[in-house]
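Produce the entire structure from the sequences given, and follow the hints as far as they go.
First to last, the sequence lines map onto chains C and U.
Residue 0 is where the first sequence starts when you use numbering that gives the first Met the number 0, and the numbers rise one by one after that.
Residue 0 is where the second sequence starts when you use numbering that gives the first Met the number 0, and the numbers rise one by one after that.
Treat each hint with caution, since some may be false.
[Unchecked claim] Across the chosen pairs, the derived CB separations fall in these ranges:
1. 87/C / 511/U: 30 to 36 Å
2. 509/U / 87/C: 38 to 44 Å
3. 204/C / 257/U: 55 to 61 Å
[What the hints assert, rightly or not] Which chain U residues stay away from chain C? Per the calculated CB distances, all over 12 Å, these:
4. 179
5. 191
6. 230
7. 239
8. 342
9. 369
For the record, the hints were derived by calculation from the structure and aren't laboratory data.
No residue lacks a Cβ here, since even glycine has one placed at the ideal position from N, Cα and C.
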Amino acid sequence: MTGVPTTAGAAARGGTVSAASLAVAAADQVIADLAAGHRAVVVDSPPGAGKSALVVRAARALAGAGEPVMLVAQTNGQVDDLVDRLASAALVRSGSAGLAGAAGAVAGPIGRLCGQDYVPSARVRRHAGVTVSTEIGDLADCVVVVGTAAKWATVRAGAWSCAWAVVDEAYQMRSDLLLRIAGQFDRALLVGDPGQLDPFATVDIDRWAGLTWDPMQSAVEVLLRHNPDVVVRRLPVSWRLPPSAVPVVAEAFYPFGGFAAGSGPGDRRLAFSSSSLWRDEPVDAALSLAVQTGWALYELPARHTVRTDSEAVQACAALAARLLQRGCVAYSEAHPGGMPAGADRIAIGTAHRDQARAIRNALGPALAAVTVDTANRLQGREFDVTIVLHPLSGRVDATAFHLEAGRLCVLASRHRHACIVVARAGIPELLDAYPSTEPVHLNVPAKFPDGWEANQAVMAHLTGHRVSAR
Amino acid sequence: MSTLTALARAQARMADVAQRVATVRHVHIGTRPMVLVPLALAGEANAPLAALVGDDPATPRLFVVSQPRNRDERFAFAAELASVIVPYVEGFAATTEQVPAERGETRARSLDAPQLVLPNRAGIAFTRLLGRSTRFRRPDGDHPVDPAVPVLGRWLSFLTERAEHPGSCLMLAATEALSLHWASGQSELEDLNLATLLAWIDPPPGVGGAAAAAVGEDPLASPPAGPVTDPGFDNDVLAPLIDAFARTTEAARSESGASAELGHAAVRRARSALERALTGQLLPTWQLVWRALELLRELPAGDHVARRWEADRDAFTGYAAYLRDGGLPQPRRDGAVAAARRLNWLERAQASFAAQRAFDDPLVMAEYRMTGEAFAGQVVAADPGRVSEGAKRRVLRPWITVATADPVLVMPGTVVTSPARRGQKAQVISVTAAVAPGPVHPVMLEAGNGASGPALVALELSGGMGRGLVAPPGSVPEPGERVCYSTLTADYLPIAEFPPPEQTPWTHGGPPAPYEPDDEDAAEDWS
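And the structure:
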């Protein structure tokens, strides 16, 4: 699993152009686009391609021009991350090279626009140059103001306007939310991962299907359908995913884009510090396989189960517990000497919240530091090893929810080293029995990748990494 | 399908009769509903064929399009339908009451509102398109129609739009209203058939649900509830009758004198044969819809039903006034702002409908308890006099501890409310989680896990206790009391603000051209 099939990757491995220089060139191109007079620039980013770094760099570049910049993210956690990065970059001033670049520091205070119930997190509080307020009026002096899209939407018309807005995770933002904030800026940079989950609505009607301004589509879709001349750029290198994961994820979820791995074949390695603990059991076999190849499918016997399949839940918990018991160490280009992959570097991903809760309960208080969450909430996060309860495991049918490409993409692209999928046998047969039957509407652009096809592609790959749980 | 509904379906199969999934009725059943059973011609998009309509089960009115491909006959059919539906609907606008509005003013609200009941969701879709085909027509100009036709179109469009609104009862589909209250022993797909669904809920004496449903599946014994007809009926009965009618009409036209008289008699016979055949297809469904209404009416109404019906009456009053003032027909499609605003309404209505149903009905709340969004249990400790230092002054913040056997998903910090004390917020302080029972993996046993027991949830209460520092009796749950808390909120959901349509931003195509009615509207094809 060392091949990197994309052209960028081939070039990178050919030695003429390194992955790093490709990434820098792509980011430079985006910054140049901002100055070229475009109304909007869209940047598609595969998982872990330095999206946030680009957002921060763009915000700094735009703020450097003297105009206030509005920075929009989707959740308070994402906003806090951006504030932290922006403020840290400002503290470092010059000299910090790397992807973020160092084209001048932010010359002025940073504003954190927040809701009534918001309590500043530690990573916001530690920066003296950050002003936190619920009122946009208090942030008039700030050169960059960061807030969630939902909070920006409550800013009174006319109370704030700026030349540029930078929107992070724009593929997860719904069109109607963009409509509410679009009056506050003239130009926009939208950055996001097209492979992750689409925004959703709690009502299910096709009343607006086919309309270019369908409020249920994403902010990027609506922008592109009304402004076909918008420049779309793509970040070419994933710094997170290991070389073993890039071809699988790129083929299944980014069929037309493709991207390369930032790390070389030998850079990432997992090892157990206590090999004597090894036992001839399926759990250990699955862990060994994952350590060697970056993937494992821990396959339980075929069975139709309720959502919180207790055997699958126990298997997820057991894999995590065993991984920690055996003392996993992660070697990477960032830590060539090895870093223990502790509980905080491991995540278990599920499709439903009750599954996550059941796994959390099974882990118990001793392993509470392991992140257990749904695909929706794992978006944008990164771990060394992930354990995934397959959305189709044990199901009688395959609904549109469970087939959604974005869900599997999020679950299968959070790891820096290895991903272990827990599933009941029979998913390929289930997929064959339930081809997607969503109605096709006129004037609705076809969606790629198709969830059904992406699921098949991932299962086809995992079949070669199967460990039967007996 | 939720686990509880799946269980209820399995139980229905075992008991051979449908099982209740609601303890109270969640839809409003009007004092004088009107039932409409439409049929469409196969092979042509939304071509009306026949309809039974009326507000009295004993005297349905039948309207038939004897040559469904003839556009003139379609408009005559629409005018006939309008002669029944429009007076029925507008009759409700006549009597109003004054209710308090903002700033001490009052506004009018109709005392009652119309309720149009269709057999199924497909019937509503047919009605929506019928409204779409008629609302832009004009009584004057190049293609004049009966003045009632565009009015019918506007009302049908209003009612079908309202039917998209979660919790609204101005237009109901009988199958959906029944499925909200009963789980049958068949699949969700099969539940779309009104005859089989009712067979499970209300089988004839001495017959089991499954056997009764089998009869319901036979198109000869129980004709389809429409608007699609049975293909066998189309081929063997309908096509010959329509041909015969066309033939006799043609023959009568070319005759004169005494033979013309005979010809007209033949046309009348052909017409009544067609009407008899279509009545035979429609009448069973007509009776089923009224039976469904009867069954629903027997259930006690949930607490929030009347409140949702008030919202329906408000919507009806508003639209009636709009039409009286010469309002334009509903636009063909929503603009960018209108679409976003409507989605916001629908999502808010959806959330409050879900919450209200759960508050009204312990069986619905049980669904949320299963998924961990709600928990019920007993208060095991209470500190009703606890006072904390607020931002400005000392405030009453009692603590209670609830022991529950439910799986608790809510995280510390979450605000939950109890249906019994809706004005009071409870913030989760801590949850000592229970471990899910079930098989435990050997690796986990080594790690010392696998114990199972009830969870203890500590809550901090605020609101609903007056302004003093002593809680009035009964405002804080006492030890021993059974309580239920959930993350659902029925009341407060912020209304999103959108730019006015003329300020639609560039991201959404800029401001749209305002709608101006023109003659093109009336020339549009009906198909």
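Violations among the numbered hints, reported as their numbers in ascending order: Numbers 1, 8, 9 - these are the hints that the structure violates, sorted from lowest upward.
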